[in-house]
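Asker: The lines below spell out each chain.
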Amino acid sequence: SQQGEEDPQALSIQEGENATMNCSYKTSINNLQWYRQNSGRGLVHLILIRSNEREKHSGRLRVTLDTSKKSSSLLITASRAADTASYFCATTPNRDDKIIFGKGTRLHILP
Amino acid sequence: EAQVTQNPRYLITVTGKKLTVTCSQNMNHEYMSWYRQDPGLGLRQIYYSMNVEVTDKGDVPEGYKVSRKEKRNFPLILESPSPNQTSLYFCASSFSPPSAPNEQETQYFGPGTRLLVL
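Each protein sequence line maps, in turn, to chains A and B.
What the first sequence shows, in my numbering, is residues 52 to 162, in sequence order.
What the second sequence shows, in my numbering, is residues 106 to 223, in sequence order.
Careful, some of the hints might be misleading.
Said to hold, decoys possible - No more than 25 Å apart at the CA atoms, straight line, and that leaves these computed lysine to any residue pairs for SDA-like:
no., chain 1, residue 1, chain 2, residue 2
1, A, K149, B, K122
2, B, K122, B, K170
3, A, K149, A, N103
4, A, K107, B, Y213
I should point out that these hints are in silico values taken from the structure, not numbers from a laboratory.
Treat the numbers as computed from the prediction; the structure is a model and nothing was measured.
Chain B on its own, in the form it takes in the complex (with noise of 0.2 Å):
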């Protein structure tokens, strides 16, 4: 079955311990990404690889970073936790890049992480 899995799915931790939330596609897909939600703001992209061992911002990567070293992992690492990266954590998957979309297949999402710094 084609699917994105992250884990943990819910993970409770406290400020300044690094953390690892995992996330893997088997489809293939070059183009992965994360993504926290937030009340009222919506998805914000964190990061994004284009493919293997290349990787770039989005809009809100402070405090995170991702490595590519693989097609099918994407790893989001929070070095030092804050309580303002309590949040749920989407990661996604595409075959084509979204400057370039194939019609019927964009995103594949995960199913989500939600992650609470104390």
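Here chain A stands alone, though its shape is the one from the complex (with noise of 0.2 Å):
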């Protein structure tokens, strides 16, 4: 398979706290890009980070990229209740227009 890996599996956090998200994936890339679904709805992207790029902010998003070890995170800081949710990163393979998802992160902020 040539999916990623999200690291945790789970997090539970309290309203206020930030919270950091793993991305692993297997291949060289052309990009990388962080997604957000609410209880089996539809996918919502959230931030495109380029292959050449390291670090991009959206708002309270924070998404860094290793090409190196092959590995990406999303930090959303001073998170809130709404931040509840899963979070995918997907990766576009190198000379390819296929996308791969990882399995996710299902993100849970205690009030």
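Take the two lone chains and join them into the complex the hints point to.
Answerer: Right under this line is the structure:
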């Protein structure tokens, strides 16, 4: 399987704390994206980072990419109850137009 | 409103009875894709299409067919469904292919189709 892996599989934190999720993948990539899914609904795109980038920010989101380790992390700062969802990374291998999703991290924000 | 629509949203069928799940987008997107989502396995790409009459296999194409006769539509066909195709299916579309993504717009996902094959 070419699937990536998110770590941890599940994460519970207090509202206001920061949440960090990690993603590892297997092949060299063109870009990596993070998505959010609320309870069985369609995925929502959060942020894209290209293979020649090391860090991206978008609001309370910070994404890093380490291509030498084939890994990425998603940091959500100052978490809110509305951040409760599953988070997936997705990669596009070089010279390909497939999209390969990881298995996801379930994030639960405690009030 | 920009959206990806799927029909039906829920479907119960029996083994071997051909079915089609429709997907339509109103954003003039070129790239369209089908995924299945299973517990513990995340999303897996079934087929994708770069444009009209151009389709390619994803990671799990066995047992599925697709067609792209019009830009807006990308139906998923199960010629002879089996119980292991019971899953949650998502259609998605984007203007640019994933190898050359537009940063502000990647994939838009449909609401999903829950399929149960008995």
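Asker: Compare the structure with each hint and give your call.
Answerer: Hints versus structure:
1. A:K149 to B:K122: Answer violated: A:K149 to B:K122 is near 29 Å, above 25 Å.
2. B:K122 to B:K170: OK: B:K122 and B:K170 at ~14 Å, within 25 Å.
3. A:K149 to A:N103: Between A:K149 and A:N103 the Cα gap is close to 19 Å, so the pair holds against 25 Å.
4. A:K107 to B:Y213: holds (21 Å)
In the structure shown, a violation is registered for the earlier hint numbered 1 alone.
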